[in-house]
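Participant: Residues per chain are reported as follows:
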Amino acid sequence: MRELLTSGIVLRMAKERKGLAPFPERPRIEDFEPTEQEKQNPAAKGHVWISVFDRSRTTSAQIFAIRRIAESSRPVFPLPVEGITAIQVEGRTTLYVARDPLQEPECFQPGADGHCGIGDLARRSGEPRAVIKDLCSQLVDAVLILNEISFSETASDE
Amino acid sequence: MPTGQVSAQEMQSTRRPPGFPREVFERIAEGTRRGLRRLVAEAWDVGIDFERAIYELSLRERFISELDQQIRENAALARAAATYAIRHHRKQEDINSARRSAEEGEWLSGVNQPVLAEYQDCRRELEKIRDARLHEYAAQWERYLSALQSPVAREVRTIWSYLQSQLWAPEAAPTEEDGFRMVWDRGPHHLQVEVLTGDRYDWFYRNRETGARQSEEDLPVGTYSSSLDATLASIAAA
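For the record, the sequence lines run as chains A and B. The opening residue of the first sequence carries number 7 in the working numbering; numbering runs sequentially from there. The opening residue of the second sequence carries number 823 in the working numbering; numbering runs sequentially from there.
It cannot be assumed that every hint is accurate.
Unchecked claim - Which stretches of chain B does chain A cover? Using the computed rule of at least three CB atoms under 8 Å from a CB of chain A, they are: (1) 874-881; (2) 896-910; (3) 923-935; (4) 951-962.
What the hints contain is simulated information worked out from the structure, not anything from laboratory work. Every residue, glycine too, gets a C-beta built ideally from N, C-alpha and C.
Build the full structure now, drawing on both the sequences and the hints.
Facilitator: See the structure below:
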């Protein structure tokens, strides 16, 4: 039985940057494509999940530590769970966010209890590749932008 | 005092109805103005996603514009109702109520207009910065492409030579399957072209506003469908 999230924010760490982009900080399609390791996750029980962390339990710094990657060496993208669970393509149910406890030794690290998966990103037999392209492009759009700055300031920003 | 006329005290209360949170609106408007100016000032340094920010701003512009249109229509209706009430010697309370509604709407529209103008100015500034960045990026892209080491480098160059008359230099990266993906985003338009091994390519288009989707898969490199051409034309026109 999957423990599903219905609200909150999850964090997705970008993949190592390859290629070229005019706006390097923006999320890319490949950031949401499942890695080979993610495709093999048995906890997904036949589905494919991409790894994210519940922001209420895990900080960006903890994600880098868990993944053994130099801190702040990649963007970490915040996505609202409500935005993810609204994503759908024809002929499929909506995406979901499920808790996905990490295995040893990562599970002992601070913030490990926030680990979750976004699914289902498995390409089904006979399905056009466009389905996964569509889902990944919608995940890119679900990323909250301007998390560092906003369109408006409050008096306390002065 | 004849029916339809109001005292100076009543006029004052009509202009500043008690309990109407004008200060709140003014604070929001001022905060928005300052936020947008800071956004433009810092945009380059913080490395924001310009296409996305410009699109979000245009959506807000549209929302405020439509809201303002509705407010002005309601204010005009309230003004007409006040005139009607005066002509037909309705109760002073009704006249004042209609006038208050009209003045509140006109005041709110007066707050909206400069905020809308700020959004438009901010978007135009960001568009200028984006265009400057894309201009610089085009040269980087050409250098990158000419030096590209990929099993599909030749195919990528062939497809780009076709697309470049309609599209700007893309966000691009090799895929895990030894292919190569190019992506364009502008406003509601999202386009991916993925070059595959074996002299083939896929393309996928999604319109964020209409929900329209189009795609073709396993096309031979060097062939371009009328559907792709129509999609390219719609993006180029954006």
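Participant: None of the hints should be skipped; say for each whether it holds.
Facilitator: Structure-based check of each hint:
no. : hint    : result
1   : 874-881 : holds (count 4)
2   : 896-910 : violated (count 0)
3   : 923-935 : violated (count 0)
4   : 951-962 : holds (count 4)
Consistency with the previously given hints fails for numbers 2 and 3, ordered from lowest to highest.
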